[in-house]
Amino acid sequence: MVSLDLLANAVVAGILLGGFYAAVSLGVSIAFGLLDVVNIAHPVFVILGSYAVYVTNTAFGLDPIVAGIVFTPVFYGIGVLVYRIYYVSFEKKGQESLRGLVFFFGVLFIVEVGLTLKYGVDYRLVEAQYIGESLRFGPVGIALRLLVPCVVAVLLTLVLYLYLAKTFVGRAIKAVSQDSLALRLMGADPVKVKDVAFGIAIATASLAGALLIMIGPVEPSMNREYIGRVFAVAVLGGMGSIGGTFLAAVIIGVAESLTSTFFGPSWAVAVSFGVLLLALAVRPAGLFGS
Amino acid sequence: MTADGFLEVENVTKRFGGFQALSSVSLHVRQGERFGLIGPNGSGKTTLINCISGTLRNDAGRIVFEGHDLTAVPAHRRTRLGIARSFQIPKPFASMTVRDNLTIPLEYAARAHGVDATEQARAILRLMGLEAKAHAAAATLTQIEMRKLELGRAMAAKPKLLVADEAMAGLSSAEVDDILDILFQLNARGITIIMIEHIMRAVMRFCERIAVLDAGEKIAEGGPEAILANAAVERAYLGQ
Amino acid sequence: MRGRKFGVVVIGMVLAGVLFTRLGANQYYYFAAYVILQYVVLATAWNILGGYTGYVNFGTAAFFALGAYTSVVLIKGFAAPLPVLLAAGAAVAGLLGLGIGYLTLRLRGVFFSIATLALAVVLQTMVINWDYVGGARGISVVRPGRLPFFGSYVEFLFAVMLLLAIFAIAVAWWIETSRIGRGLAAIRDNEEAAECMGVPTLRLKLIATTVSGSLMGVAGAPFPYYVTFVEPSSAFNLDYAVNSLAMPMIGGTTTWVGPVIGAILLGTTQQVATVTISSALNLLIVGIILVAFVILAPDGILGLVQRLKGGARA
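Those protein sequence lines, which keep their order, are chains L, U and X.
Numbering-wise (this note's numbering), the first sequence opens with residue 1 and increments by one.
Numbering-wise (this note's numbering), the second sequence opens with residue 1 and increments by one.
Numbering-wise (this note's numbering), the third sequence opens with residue 1 and increments by one.
Incorrect hints may have been included.
Capping the alpha-carbon separation at 16 Å, the derived lysine to aspartate or glutamate pairs in EDC-like fashion look like this [to be verified]: (1) U:91 x X:189; (2) U:158 x U:119; (3) U:133 x U:100; (4) L:174 x L:189; (5) L:92 x L:195; (6) L:93 x L:36; (7) U:91 x X:192; (8) L:93 x X:299; (9) U:160 x U:4; (10) U:158 x U:116; (11) L:92 x L:36; (12) U:91 x X:191.
It should be emphasised that the hints constitute simulated quantities derived from the structure, not laboratory data.
With the hints as extra help, turn the sequences into a complete structure.
In structure tokens:
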């Protein structure tokens, strides 16, 4: 018998988790969906964000979310730098697919091993007064360490959505891979537009990293389980659609949460990868793609 | 018009999602013929030849080549049966030399091996005027050389039917004549040719019979003069 | 001429191997040499699909671990001898390879690569939840007793891996110089054009994924006896995926020589670095060398050599 309370709790936790997954995946949706840059190193930048937040939190007691925001310009800069290297070395020569992929794989490895060298493989966590608190609505409990990340993720999604829809640069980013003619009519330099877009994609990793380390302790190799998750979300969400990304993230979150509740947490990781394999095999354009 | 059963395209239909790319198109191409396929951009020409060569599967209708129903036949087997094509945007095997580009169809489609394959490759290169480039990397060729390699590679498959998809796009007038010369020579050797082309001068000079596609439907078919005089064709090209 | 180069390498490897055992070297050297040879197999196997065919597999660890865990099951359940383990590991991993070969029908380029990564995680999760093979905790494996001719079981494993490495190189050499190799290169350059030129692309891709997968599996089959304690985190280690792709990339991906050079160079560097510096730092070195090579020398060491030769001639 499936207990209704258990089910309700699992669904609510899944929705909250899914919101957080959206924050982690937005950068991939932008880079992969809009720029055709397969940045499989995105999750490792999220982990890097977590460690940046961890260091400032333990040293200065800075609130994790504030720290996450403070670091966004730094991550933006890292993003622009990485894209510049990628552009000059691969995209310009038309070698982006195979070697570009290997490049990001190498970057992933370097950042992960670098973090391991500096901080070891121990789990790290942060302090904030609201972590550990929880609200109750009848039988359903909502942990603030899940609710706060979800709310921040929703805000981040909204901001990005409005930015891409309403601003000049945002519209240029949307046009950069699909419609080079429109871009030229707008008078925008595609490489500069991609600089900005990739910078923003990596900047979201800083905030997502803050959310990640609020939800639970973090260690360097954790990025790997997020690779499948973020690409599952990006593919399922229809490659570059911000709204689709959010919906897909919630679907994956709920699916994982249900699996975790009814089959045990060790199966949860496989869910997103399973969904990804299925989505790729059945509908490569994604559920919400055209 | 009597059909000789060489290539029969019967009521071929193809949809992409909600978009109807081909609606019930029928064509009969006779052995040894020089056949032209024209129509405005997006009229379904390339979709149709993709269905003939097998890189796309038609949703309805059937294509029969020398008595073989091609419906379930994959593209590489169609090539072995004798249907070869060139691509509108050249797709050379860029990491290989020009000669090795020919070795692939020679070995896989024409079943020529060793010394035999080398000889045949040399003969085709001579015909195409690419002899001097035999050992050059395919990626280093000029536009016209790339077009010639594209045709030469299709020839290496020893086709009975050659489908030339805009083999002359982007070439100068003299270069167009160059390619036309080659195509006439191939036809003289008994190879049936379907030409998809935008350069009307070339189509009118080369083709014995022409079919016109517009918005996925065949709107006219006949000799060059009849096509030029056809009001429906004029409307399709010039708009109303 | 190519055949002669191949012969020289094989004879060289056998002589080096025999010399190695005759020198009565320290046991540690056998452990280290085993790892390097294992990488020769993995890099060569990866290159058959990645280098020849152009499909980047991030899931080397999945195939390797499948070979290792097939052995675990056969050792635990049937006390099967090593030749059976090798054959079974190759067969099971080959089947998985056949499976991902069918994936290539729908998934090209990066989507294929991401799918192989996903496959590795799904497989690891299944093993973690499978108690019979020890689950997440891992499982101990007892080595068979002493063998004739060999001073220790590790020496024997070293000899086995040497033979496997030679076998893998022979397979790669055969594919490369045959019609299959030219067909695979055509697929790598342009799959649609290859199919239209008469190349049976699906069948060739299935051959490539199956052969590549089964060679990775066979490399994993002796692993339980080598480590004597198998756990998912070591068998599915991402290092296998990174190394098996970095080594051909560094050596050169278009011929069988590239992965061998890459594996020996990078493998030896790692072994030396592990002893003299630290194991984490040696992985950092691998990552940096990999990135440096894809940026600065995209055709690997062989490409560099060719460029130098070409420069000298011009």
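Between residue 92 (chain L) and residue 36 (chain L), is the straight-line Cα distance small enough, at 16 Å or below? 13 Å, holds
Just to be careful, I want the Cα atoms of residue 91 (chain U) and residue 192 (chain X) compared with a cutoff of 16 Å; is the pair within it? OK: residue 91 (chain U) and residue 192 (chain X) at ~8 Å, within 16 Å.
Would the hint linking residue 91 (chain U) and residue 189 (chain X) be met if the CA-CA limit is 16 Å? 9 Å, holds
16 Å limit on alpha-carbon distance, applied to hinted pair residue 158 (chain U) and residue 116 (chain U): 13 Å, holds
Going straight from one Cα to the other, do residue 160 (chain U) and residue 4 (chain U) come out at no more than 16 Å? 14 Å, holds
CA of residue 92 (chain L) to CA of residue 195 (chain L), is that 16 Å or under? 14 Å, holds
With the threshold set at 16 Å, check whether the alpha-carbon distance from residue 174 (chain L) to residue 189 (chain L) stays at or below it. Given that 16 Å is the threshold and the Cα spacing comes to 13 Å, the pair holds.
For residue 158 (chain U) and residue 119 (chain U), compute the direct alpha-carbon distance and say whether it is at most 16 Å. 14 Å, holds
Regarding the pair residue 93 (chain L) and residue 299 (chain X), is the alpha-carbon distance no greater than 16 Å? 13 Å, holds
With the threshold set at 16 Å, check whether the alpha-carbon distance from residue 91 (chain U) to residue 191 (chain X) stays at or below it. 9 Å, holds
Holds or violated: residue 133 (chain U) with residue 100 (chain U), Cα cutoff 16 Å? OK: residue 133 (chain U) and residue 100 (chain U) at ~11 Å, within 16 Å.
Is the Cα-Cα distance between residue 93 (chain L) and residue 36 (chain L) 16 Å or less? This hinted pair holds, its Cα atoms lying about 15 Å apart.
Figure legend: structure checked against the earlier numbered hints; every hint is met.
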